[in-house]
Every structure is written in C-alpha cells, then in structure tokens.
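The opening position of the sequence shown corresponds to residue 1461 in my numbering, with each subsequent residue numbered one higher.
Bear in mind the hints are in silico, worked out from the structure with no lab data behind them. Built from N, CA and C at the ideal position, the CB exists for glycine as well. Be a bit skeptical, because a hint or two may be false.
As the list claims (entries may be wrong) - Each pair of labels, with its calculated beta carbon distance range: (1) Asp1672 - Ala1768: 14 to 24 angstroms; (2) Gly1568 - Pro1733: 20 to 30 angstroms; (3) Ala1664 - Pro1486: 16 to 26 angstroms; (4) Ile1505 - Lys1714: 31 to 41 angstroms; (5) Glu1752 - Ile1505: 38 to 48 angstroms; (6) Pro1733 - Asp1540: 38 to 48 angstroms; (7) Ala1776 - Leu1614: 45 to 55 angstroms.
To be verified - Cross-link-like lysine-lysine pairs, in silico, DSS-like; alpha carbons within 25 angstroms at most: (8) Lys1714 - Lys1621; (9) Lys1714 - Lys1547; (10) Lys1508 - Lys1714.
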Amino acid sequence: MAGLLLRLLGLLLIASAVGVALSRAPDRPVQTLVARWALPPSDFIDVKGQLVHLRDEGPRDDPMPLLLLHGTGASLHTWDGWAAALKPHRRVIRIDLPAFGLTGPFAGQYAPDDYRGDTYARFVLDVLDALRVQRAIIAGNSLGGEVAWRAVTLAPQRFDKLILIDATGYAFTPEDIPLGFRVARLPVVNHIGEHLLPRALVAASVRSVYGDPSRVSSDLIDRYFELTLREGNRRALGLRMQQLEMGDHAARIKTLTLPTLVLWGSRDRLVPPANAQRFVADIRGAKLVVFEDLGHVPHEEDPSRTVAAATTFLEAN
C-alpha cells in the first residue's frame, strides 16, 4: 500500500511539473508582438516619454474626432468593428492604454506604478494634446468608460459628446469576476501569474464577459493571451487591481452636462446592468440602449448593432 501511495504521489508531482512547464509564459518584449498586432494603420507616438500604440483613421479634416478607450485586459483591437464602420466618414482614434496592449506600463514623465482613474484621464488629455486635437467625442467600455467620464470632468471644454459602454464608476457587486481578474487581485498569486499564464485561463476570462460564449473565437483568445504577455502588463494589471476606487468619485458623474449615450449588455455579469440606470439618472438627458443578448463587451461581441446605435447618436444635433 505504501508503495502504491508513493507511486501515485510521484505521478501527481510529475503531472504538476508538466502543468507548470506548459503554463510557463514569460514576458514578451514588445518588438516580438508588433508584427502580428501592430499592422497598418497602427502607429506609435511619444507622449511625455511614454510610447503609445494607436490607430488614427478616417478623414483628418473631421472637426470632431472620436476617441475610443478599451477596458481592462483589452486593447485597441476591441474596436475593430466600430472603426471599420465609422472611418469612411469620421476620424476614429483608438489607443492602447498604459498597462495594456502594446503600450505597456506607465513610463517617461508619468509616475511609475500609478494606475488610478484620474491618472489615466490626464494621460488621455495628454494624448489629445500630442495629436493636436482640441475637441473630441469620447467613448469607452468598462475601465475605458470610467476614464472617459473622468476626463470629461477634468476638462469639459475638450469634449462634445460622451458614450459609455458597460462603464465602471459606481460601487457594485459583480455576479461573476473573470478568472484572470481574480488571479490579478491576489497579492501572492498575482506574482506567480507574472511567470505562468495558462491559455485556458485567458479563454475562460474572455468567455465569461460575452453574452454568448460561442462567439469567442480561437483568434480572439490568441489576441487577449499574447497581448497580456507584453512585457510588464501582468505586473501592472496587479497594481491596477490593488488601486481600484470603487465608487469613490461617483459624485462627479452628476456634474456631467454634455450629450451622453449609455450602451449596455443585459447579460453583463461583471458590471450589473442596474448601473446603466444609475448613469442615466445622474446625467441629465442621457439616452440608454440595452442589448438583451450581449454581455460586458457588446461593442466587440456585436459591432454592427452597437455601432448602429452609436451612429444614430453621433449624427443627432
């Protein structure tokens, strides 16, 4: 019996070692990711010493460019569908926020390891300055939505309209937190996660934010997985999770006076759909469109329907 137990223990140790080996995922230098994820029209610009990955498409004479901000763990690619639909008639600017995509952690003149909401909002204003955009329409999903409304409260004269898509800002209790986010929030485990990253964990996280998980393709998982491996991103995500300000600045939302569209997926299990009603109640005149079959990233899950609602709003006087 003792011999059998020892053999079983040995097999478990071997299986564990194989699992660790297969899950080993060291940081990747940004240069190794550019060939696949920074194809034209991608560009990189210097913003106060921070190298920023962006795509700037559409007519340059558009007097009111549209700036698109992604959510936690995502990248500018989440807006591919919207950009394709809008760029024939509008200037569409989308960026990888620091700590995500190919932009990587804060650097240059920015304080290292500071991933609070207003830090991101000031960064967005710096990006507009670098692009010489004096006034814009701003849209964001999840974290990007929070960064968007924060930027408007810091510099209301810079923005004409606001689009919030399953945005954060209020205190809330998630029905389900993506597994990758849960790992990033654990003080010890997140350090291990800087070296190990099972692709299956990323796949489960992406599927959990879709209303219909069957829409999640292998290529989509590849994108989230590989860009998470960008050097420094996993460490920065852990810091971001530790610095969450759940509802601490929600009172500022009531100061917003610009035309606002709130888009929401009713199957959002991360940020409750009830929060959509809170935005509409706090922002005078805000309009709400709910997509019954979509989840936390409706603009990515069904670009055509969501961009149609956005286009109606953008074209209204």
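Against the structure, the hints come out as follows:
Look at Asp1672 against Ala1768: about 18 angstroms separates their beta carbons, and that is inside 14 to 24 angstroms. For Gly1568 paired with Pro1733, a C-beta distance near 38 angstroms fails the hint of 20 to 30 angstroms. For the pair Ala1664 and Pro1486, the supplied restraint of 16 to 26 angstroms holds, since their beta-carbon distance comes to about 21 angstroms. Hint check: Ile1505 to Lys1714, Cβ distance near 34 angstroms, so the stated range 31 to 41 angstroms holds.
Look at Glu1752 against Ile1505: about 39 angstroms separates their beta carbons, and that is inside 38 to 48 angstroms. The beta-carbon spacing between Pro1733 and Asp1540, approximately 25 angstroms, falls outside the hinted interval of 38 to 48 angstroms. In this structure the supplied range 45 to 55 angstroms is violated for Ala1776 paired with Leu1614, their Cβ-Cβ distance being about 25 angstroms. Restraint check: the Cα-Cα separation between Lys1714 and Lys1621 comes to about 15 angstroms, which is no more than 25 angstroms; the hinted pair holds.
Taking the CA atoms of Lys1714 and Lys1547, the gap is about 32 angstroms. The hint is violated against a cut of 25 angstroms. The hinted pair formed by Lys1508 and Lys1714 fails the criterion: a straight-line CA distance of about 31 angstroms is larger than 25 angstroms.
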